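K.L.:
Here is how the chains run, residue by residue.
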Amino acid sequence: MTPTLTPVRKRSALTKGQLPKFAPYVVLAIALVLGAAILALIGFNAFGWGIVSAILFAAGLVGWSAAVEGSRKAKDKLATCLVVGSFLVALLPLISVIWTVMVNGIPGIITPRFLTTSMNGVTGVFDNRAAEEGSPVLGGIYHALLGTLEITLLATVISVPVGLLTAVYLVEYGHDRPIARAITFFVDVMTGIPSIVAGLFAAAFFFAVVGPGTKTGAVAAVALSVLMIPVVVRSSEEMLKIVPNELREASYALGVRKWRTILKVVIPTAISGIASGVTLAIARVIGETAPILVTAGFATSINNNVFSGWMASLPTFIYTQILNPTSPSNPDPSNQRAWGAALVLIVLVMLLNLGARLIARVFAPKTGR
Amino acid sequence: MSKRIDVKDLNVYYGNFLAVEDVSINIEAKSVTAFIGPSGCGKSTFLRTINRMHEVLPGARVEGEVLLDGDNLYGPGVDPVTVRSQIGMVFQRPNPFPTMSIRDNVLAGVKLNNQKISKGEADALVERSLQGANLWNEVKDRLDKPGSGLSGGQQQRLCIARAIAVEPQVILMDEPCSALDPISTLAIEDLINDLKDQYTVVIVTHNMQQAARVSDRTAFFNIAGTGKPGKLIEVGDTHTIFSNPTQKATEDYVSGRFG
Numbered sequence: 000m001t002p003t004l005t006p007v008r009k010r011s012a013l014t015k016g017q018l019p020k021f022a023p024y025v026v027l028a029i030a031l032v033l034g035a036a037i038l039a040l041i042g043f044n045a046f047g048w049g050i051v052s053a054i055l056f057a058a059g060l061v062g063w064s065a066a067v068e069g070s071r072k073a074k075d076k077l078a079t080c081l082v083v084g085s086f087l088v089a090l091l092p093l094i095s096v097i098w099t100v101m102v103n104g105i106p107g108i109i110t111p112r113f114l115t116t117s118m119n120g121v122t123g124v125f126d127n128r129a130a131e132e133g134s135p136v137l138g139g140i141y142h143a144l145l146g147t148l149e150i151t152l153l154a155t156v157i158s159v160p161v162g163l164l165t166a167v168y169l170v171e172y173g174h175d176r177p178i179a180r181a182i183t184f185f186v187d188v189m190t191g192i193p194s195i196v197a198g199l200f201a202a203a204f205f206f207a208v209v210g211p212g213t214k215t216g217a218v219a220a221v222a223l224s225v226l227m228i229p230v231v232v233r234s235s236e237e238m239l240k241i242v243p244n245e246l247r248e249a250s251y252a253l254g255v256r257k258w259r260t261i262l263k264v265v266i267p268t269a270i271s272g273i274a275s276g277v278t279l280a281i282a283r284v285i286g287e288t289a290p291i292l293v294t295a296g297f298a299t300s301i302n303n304n305v306f307s308g309w310m311a312s313l314p315t316f317i318y319t320q321i322l323n324p325t326s327p328s329n330p331d332p333s334n335q336r337a338w339g340a341a342l343v344l345i346v347l348v349m350l351l352n353l354g355a356r357l358i359a360r361v362f363a364p365k366t367g368r
Numbered sequence: 000m001s002k003r004i005d006v007k008d009l010n011v012y013y014g015n016f017l018a019v020e021d022v023s024i025n026i027e028a029k030s031v032t033a034f035i036g037p038s039g040c041g042k043s044t045f046l047r048t049i050n051r052m053h054e055v056l057p058g059a060r061v062e063g064e065v066l067l068d069g070d071n072l073y074g075p076g077v078d079p080v081t082v083r084s085q086i087g088m089v090f091q092r093p094n095p096f097p098t099m100s101i102r103d104n105v106l107a108g109v110k111l112n113n114q115k116i117s118k119g120e121a122d123a124l125v126e127r128s129l130q131g132a133n134l135w136n137e138v139k140d141r142l143d144k145p146g147s148g149l150s151g152g153q154q155q156r157l158c159i160a161r162a163i164a165v166e167p168q169v170i171l172m173d174e175p176c177s178a179l180d181p182i183s184t185l186a187i188e189d190l191i192n193d194l195k196d197q198y199t200v201v202i203v204t205h206n207m208q209q210a211a212r213v214s215d216r217t218a219f220f221n222i223a224g225t226g227k228p229g230k231l232i233e234v235g236d237t238h239t240i241f242s243n244p245t246q247k248a249t250e251d252y253v254s255g256r257f258g
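Chains as they are written, first to last, in numbering that gives the first Met the number 0: chain A, 0 to 368; chain B, 0 to 258.
DSS-like mimics (lysine-lysine), calculated; alpha carbons at most 27 angstroms apart, straight line:
id	chain 1	residue 1	chain 2	residue 2
1	B	K118	A	K263
2	B	K247	B	K230
3	A	K263	B	K139
4	A	K257	B	K2
5	B	K110	A	K263
6	A	K257	B	K115
7	A	K240	B	K110
8	A	K257	B	K110
9	A	K263	A	K240
10	A	K263	B	K115
11	B	K7	B	K195
12	B	K110	B	K2
Chain B regions said to be covered by chain A (calculated; three or more residues, Cβ under 8 angstroms):
id	stretch
13	52-62
14	83-89
15	106-112
16	156-164
Worth flagging that the hints you see were computed from the coordinates, not collected in a lab. Every value quoted in this text rests on a predicted model; they were computed, and no experiment measured them. Cβ atoms here follow ideal geometry from the backbone N, Cα and C, with glycine treated the same way.
Bound conformation, chain A alone (with noise of 0.2 angstroms):
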């Protein structure tokens, strides 16, 4: 055998015919200078920039990599940059708003007393001083965080035992049993009911049997554990139709009874998903508005009961600071107050979400030696 020599080239055969590394960042350098270009001659803006931009980068980057490489790496391409101009465009509105929440509601966050306190005693005369002085803006959100925290943990209360009871029944005992199939059907529907119509049920069920004018906590609670509630089943149902088949007929087959099953086989071995679900459905509803105003009305004080009286949420309160502003002629004071609640639910929703990941990874089952 004699040893053959390998020709010795500049590129290899098997890349031949490929874009240069740097040809995405070429293209788009001059995508972004043609379309400053463009855009001068009709008036510049950001935003056309960089759809024209983008447009010229995805035609470009296209167009060179077809006269090059050929049309299925070109289609490639395309697809790269159809996807990811999507990604984009999805995130565009996600990062506007937090950026937005966050520019508008830092100086009401930072204002002294803004979590303690509440609007009790605050009127337009404090706003007007506020805004025509520059004296810090007084009255904060207390009343509404308390109310809020309140309605939504007694909304969890209510609705965490209904939901994951029905799970457990759907899953365990249903059978695809004419009832289940009709309460599977009924929480799709009640998945798409309006948010009102959850609060005029509350508010109509409450007049009915306690009596007319009945708006307290409890009635928005009820409200959102209607809306919860059918988030929940779902949740849960997906959660323990996964847990293995196995597992059961294991603990059957040691002789334990089939609730004692459900409680400490099955639920435990879900209970991660279960959680994670049941987080994300209050985070579902704690930003709702519409059936907390019809049920619990709104309140300027603190309310610390919710089986009776009038009480604030943080969703009602940015409706009516920026509805009915304390004072009429100067806004500002309470567009703040309203931008600082704001950013206050988005913490919350954001915390909720993550105490979601971090409730799924304390009970995921264990793994590893």
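Keeping the supplied structure of chain A fixed, place chain B upon it in accordance with the hints.
P.N.:
Just chain B, lined up with the frame of chain A:
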């Protein structure tokens, strides 16, 4: 601590479909009985009727009698939970509880039933059961680690330990080695040999060599065709079934002419 099982004229149904027809068999106490036969012939289905696990599936039912030392498991008023605590089962795929440690897996039968047990008794039970399953030396230093971290063969022995911790009369094994490598299989087979000193063991297997190695008696099941019920063709001493069966079908199967 072991009981014999006598099955009389048992028909097993899934809904209206007759899956196993007219089985009568006597299973001796303190022996290993193997069920062999082609896939889908109803061996596992029949095995699951012996501890009333069959009826866990929707629509599944049984006609006939299964006597555990003379008591009919399917008699009126018999609680399937009582039956299952006397007749344990090991499944095809190892299925330790993923939320529990090795120790808790062994104690599952006690703890899930909320029986009170002192820590000393629990420790003794864990050690005894794991010793019984030939697993103690491998896991004694990590009893608090999750059971799902063990190898497949270790998990299956953990499941056997879990089954013997409730001190059953009979242990049913549904292809316990089909998901395991040869070394783990050997460990389980050795274990089965030890278990028959104390328990009545019934094992379903696809592996005829395994049946020949571990069992005292062998039952051959067969099916006439798809959609037809499985039947017990022949039962006898393992040696006889493999060397001198009375039925042509059995001879064809054990000699490898079909199946």
